[in-house]
Amino acid sequence: SQTIHQWPATLVQPVGSPLSLECTVEGTSNPNLYWYRQAAGRGLQLLFYSVGIGQISSEVPQNLSASRPQDRQFILSSKKLLLSDSGFYLCAWSIGAGGRTDTQYFGPGTRLTVL
Amino acid sequence: LAKTTQPISMDSYEGQEVNITCSHNNIATNDYITWYQQFPSQGPRFIIQGYKTKVTNEVASLFIPADRKSSTLSLPRVSLSDTAVYYCLVVYNQGGKLIFGQGTELSVKP
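Those protein sequences? They're chains A and B, same order as listed. Taking our numbering, the leading residue of the first sequence gets 1, the next gets one more, and so forth. Taking our numbering, the leading residue of the second sequence gets 1001, the next gets one more, and so forth.
Hint data in this document are derived by calculation from the structure and do not stem from the laboratory. Quick caveat, the model's predicted, so the values are computed rather than measured. Where is the CB? At the ideal position from N, CA and C, for every residue including glycine. There could be a bad hint or two in this list.
Unchecked claim - Residues from chain B that keep clear of chain A, each with C-beta distances beyond 12 Å, as calculated:
1. Gln1016
2. Pro1044
3. Val1059
4. Ser1061
5. Ser1074
6. Ser1079
What the hints assert, rightly or not - Derived coverage of chain B by chain A (criterion: at least 3 residues anywhere in the stretch with Cβ under 8 Å from a Cβ of chain A; other residues may be distant):
7. 1030 to 1042
8. 1045 to 1058
Start from the sequences and build out the full structure, keeping to the hints where you can.
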């Protein structure tokens, strides 16, 4: 069966520090991968998605970047964190045509607090 | 701009049927509707997906009228453990945008 991992589970970082969040998927090949942010107030915002190694699409302009160095690894990064980067970061995967009718399966999330 | 709309919150009691409606006026021919459940500090969990008419699985039913501009998630005989936020997701074929609604916070009381 497929599983998705995210780490760390929680993170507290000072403003201006770098960030690296990791997501890995097991039990499947060539998944579509997604990064979402959930701020207070519940709404999920799609940040990045990837249909293959090295292929990243950004949904909104921001202080973050994403990379996919391996088929089942997706990394979210920042060079300098802002207070507004605080939130709950969720990674998700799907199999299919790349975000159309695919069912997405979510990881456990990373709670990021920027102070 | 493609958008979904759900009620912000709903209250129910154990044993009742709960219906949560999502509006998606700009849905296109090839788009599907998916519902997720989320507990605090956890990732959303897939509940059900449909295209038209009715879909049923072991936990819920999804009703989609002919014009497909809305959909209704039906939870039969809810329990306290069904207290969660429920999200409607429509995958819009145009532009590949993935749009989550703001979610409906369901509170089930004893």
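Okay, the hints, checked on the actual structure:
{"no.": "1", "hint": "Gln1016", "result": "holds (23 Å)"}
{"no.": "2", "hint": "Pro1044", "result": "violated (5 Å)"}
{"no.": "3", "hint": "Val1059", "result": "holds (14 Å)"}
{"no.": "4", "hint": "Ser1061", "result": "holds (17 Å)"}
{"no.": "5", "hint": "Ser1074", "result": "holds (19 Å)"}
{"no.": "6", "hint": "Ser1079", "result": "holds (22 Å)"}
{"no.": "7", "hint": "1030 to 1042", "result": "holds (count 7)"}
{"no.": "8", "hint": "1045 to 1058", "result": "holds (count 3)"}
The structure does not agree with numbered hint 2 stated previously, though it agrees with all others.
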